[in-house]
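Protein chains: 2
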Amino acid sequence: MKVRVHVSLKNGVLDPQGRAIHHALEGLGFAGVNDVRAGRLIELDMADSVTDEALDEMCRKLLANMVIENYRIEKVA
Amino acid sequence: MKVRVHVSLKNGVLDPQGRAIHHALEGLGFAGVNDVRAGRLIELDMADSVTDEALDEMCRKLLANMVIENYRIEKVA
Numbered sequence: 001m002k003v004r005v006h007v008s009l010k011n012g013v014l015d016p017q018g019r020a021i022h023h024a025l026e027g028l029g030f031a032g033v034n035d036v037r038a039g040r041l042i043e044l045d046m047a048d049s050v051t052d053e054a055l056d057e058m059c060r061k062l063l064a065n066m067v068i069e070n071y072r073i074e075k076v077a
Numbered sequence: 001m002k003v004r005v006h007v008s009l010k011n012g013v014l015d016p017q018g019r020a021i022h023h024a025l026e027g028l029g030f031a032g033v034n035d036v037r038a039g040r041l042i043e044l045d046m047a048d049s050v051t052d053e054a055l056d057e058m059c060r061k062l063l064a065n066m067v068i069e070n071y072r073i074e075k076v077a
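Chains as they are written, first to last, in the UniProt record's numbering: chain A, 1 to 77; chain B, 1 to 77.
Simulated from the structure, these hints should not be mistaken for lab results.
No residue lacks a Cβ here, since even glycine has one placed at the ideal position from N, Cα and C.
Careful: at least some of the hints might be erroneous.
To be verified - Each computed DSBU-like pair below joins lysine-lysine, with the alpha-carbon atoms no more than 35 Å apart:
1) Lys2(A) / Lys10(B)
2) Lys10(A) / Lys2(B)
3) Lys10(A) / Lys75(B)
4) Lys75(B) / Lys2(A)
5) Lys2(B) / Lys2(A)
6) Lys75(A) / Lys2(A)
Said to hold, decoys possible - What follows is a set of in silico ranges between Cβ atoms, one per label pair, in the way DEER data are often shown:
7) Leu14(B) / Gly29(A): 32 to 38 Å
8) Val67(A) / Thr51(B): 34 to 40 Å
9) Val13(B) / Gly29(A): 27 to 33 Å
10) Asp52(A) / Asp35(B): 28 to 34 Å
Isolated chain A (complex conformation) (with noise of 0.2 Å):
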């Protein structure tokens, strides 16, 4: 089973990571990008007997800070 995990900062978290980025995006002359927010993405490989709620204790435990990140689980196949 793989799986994907995608971790995003919560809405009004100060994300200096994304900011670069859209600083850079500017200094190359790339026009229209209004934000940018950087996050992580983390893809599992994993046996098909692990269960739902193990996956998002994981995310809970380890992937995601739940403080400050939201995370979503897709599975890929």
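Starting from the known structure of chain A, arrange chain B on it as the hints suggest.
Below, chain B without anything else, positioned relative to chain A:
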């Protein structure tokens, strides 16, 4: 227009961050994890006038390191 860019390491490229996550998951007692790969997720809010070509160029020039990384563009809305 909201766009998500998923950046992940190419196959065969060593991924110490993914390995550390894998190791940590095992340390926390989670079984059944075969492999972990870590990547980046960049969410862009941009004007509808931005073309697909410009988006592609942003990825190739700044968002992804084409030597070791692949990217995937996902338009959200």
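Now the hints, each set against the structure:
| no. | hint | verdict |
| --- | --- | --- |
| 1 | Lys2(A) / Lys10(B) | 16 Å, holds |
| 2 | Lys10(A) / Lys2(B) | 16 Å, holds |
| 3 | Lys10(A) / Lys75(B) | 20 Å, holds |
| 4 | Lys75(B) / Lys2(A) | 22 Å, holds |
| 5 | Lys2(B) / Lys2(A) | 25 Å, holds |
| 6 | Lys75(A) / Lys2(A) | 6 Å, holds |
| 7 | Leu14(B) / Gly29(A): 32 to 38 Å | 34 Å, holds |
| 8 | Val67(A) / Thr51(B): 34 to 40 Å | 38 Å, holds |
| 9 | Val13(B) / Gly29(A): 27 to 33 Å | 30 Å, holds |
| 10 | Asp52(A) / Asp35(B): 28 to 34 Å | 19 Å, violated |
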